[in-house]
Amino acid sequence: MREDGWFTVPFYHFTTQHTTANLQFHFEFRIANLLVAGFEFQPSEEKVQLPVFEEYQHILEAASQSLFYTSLDQLKWILSKGIHLKDYKMWFSLNEKGQHCEMISMEDCLIPNQDSIPQYESHFRSRFPPGFYQINHEGFKTHVKAQFLSPSITYTVNLVYNSPSSDKQVYVDLKYRLRGEATTSVVYLANRRQDDWLYMAELFQFTSDGSIVDLEFFFENSGTNIDGVEGIMFQPLEIVEDQVSKDDKVKNIQTISDSESDPYWEQKFPNDYEEILNLSKDSLRWTMKKELYSIFRRGFLIDNGQQWLSVDKHGKKCLMLSAKATWVIDDKNSAFESSHESRFGEVLVITAGDEFELVNEIKPEVLSADTTYASYFVYKLPQDQSTFEYPLKLNTKNGYSWDAWFVYLVSPPGTPIIKPKFDENSYNPLNRHKLNALPRQRSDGWMEVKVREFQTKKTPETVSMHLKLKHPVRKDLCGLIIHGIELRPI
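Mapped onto our numbering, the consecutive letters of the sequence shown carry residue numbers 1 to 490.
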């Protein structure tokens, strides 16, 4: 604290060249108010000689501002926060692994339209002085050159933009293509970034060889809910973990020798297994506990044939709700039909409308206490699947609030992979959808997609389920066949 009561925070060291010191500071957004008196320049008490680190020298030479550091660790810390390069037209940073990330501003990469003057709007969320490029409901062209990428790293190329939405994931429906290619690609969804609440839509992937990356691509439309574009981001690929739990892959009961005793099998049952058996719709028969274990693993009907109860290999309860076991809101747009493919003997078919809701109250005795569950929407699609190529918006109710994201009922389009030669380009079907549950084929012939996760309490209580699925561009969901909702421990 100074004698006058103000606090001081050191920012930078620099050496004067008998010219005007032209400095620009970018401060991150903060909720709490901060009273700033001004900026003070003071002579340093000692002359500082900055160490030279060859690995980052070419980056430091391009820096838009003076940097002060005394060690390699301190320099890496500064770079992890990010710095401007090339007259504030680029942004460079290091990720947690020390890999290079690079953002090219729209001011630097936009190919101007001869018929109009580019319009920018200053915004506190933008890293660049001009702010966000205003697309005005038109397509646009970009030419990017990334000069500082790490070698032998797979990168994603992303459009970074502002949106009026605050959801973690939004529908963007952006169509684009690489120069020299006739094929148009589409990215349906964009994910909100944690650091600045801007959105990022993944466009391409490629593996860097450490040389300059020179790309030109054309956006054929203006997308949906894009409120200004900040630039093009090159970011190392994040590996997507398999969303299928290990026990989900176990469908067959293990073969155990007949010599094992009843106590061995009984320890695999839920503690309340006798009460569970009383829920069965039909009379269950067995002579040995091994046979009873097989019954539990296969499952049986409860709730007048509208639910299917089983246990996994850890003795945790699994539950399948039939479509009829759920309360369908606006049932005028759906109808029940008999089906030999359903274990419940009937399915729900959507006959009209672009959305539907499923509601259910799940009793505590059919779920294991203190367990994390995943809920899966089990379904089949009509022969014409074109309507379902779009991701559906999923809303799930938790208490008095709603969570929103998107799910795919068919395998989504992959991210185009740029190879050294354009004719070798291919697609990665997984990474761009890291926040989404992807559909997969079940062993019983149905499809499933994860729609929710929840945690049961140590003291069992009723679990409410309220799901709403809606088409993003209001196309008719006619022909969708709903088997039910399955709940499995994860």
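To be clear, the hints were calculated from the coordinates, so they are not data collected in a lab. One should not assume that every hint holds.
To be verified - Below, a list of computed lysine-lysine pairs in the PhoX-like style, where the Cα atoms sit at most 25 Å apart: (1) K324 x K268; (2) K397 x K324; (3) K397 x K281; (4) K419 x K324; (5) K457 x K380; (6) K475 x K363; (7) K332 x K145; (8) K268 x K332; (9) K363 x K419; (10) K168 x K86; (11) K76 x K89; (12) K324 x K281; (13) K397 x K457; (14) K458 x K168.
To be verified - Label-pair ranges, simulated between beta-carbon atoms: (15) F53 x T459: 53 to 61 Å; (16) I490 x S294: 19 to 27 Å; (17) E220 x T462: 48 to 56 Å; (18) T462 x D214: 53 to 61 Å; (19) E28 x W6: 17 to 25 Å.
Since the model is a prediction, treat every value here as computed from it, not as a measurement. Quick reminder that beta carbons are idealized off the backbone N, C-alpha and C, glycines included.
| query | Can you list which hints this structure breaks, lowest number first? | reply | Violated: hints 1, 3, 4, 5, 6, 7, 8, 9, 10 and 14.
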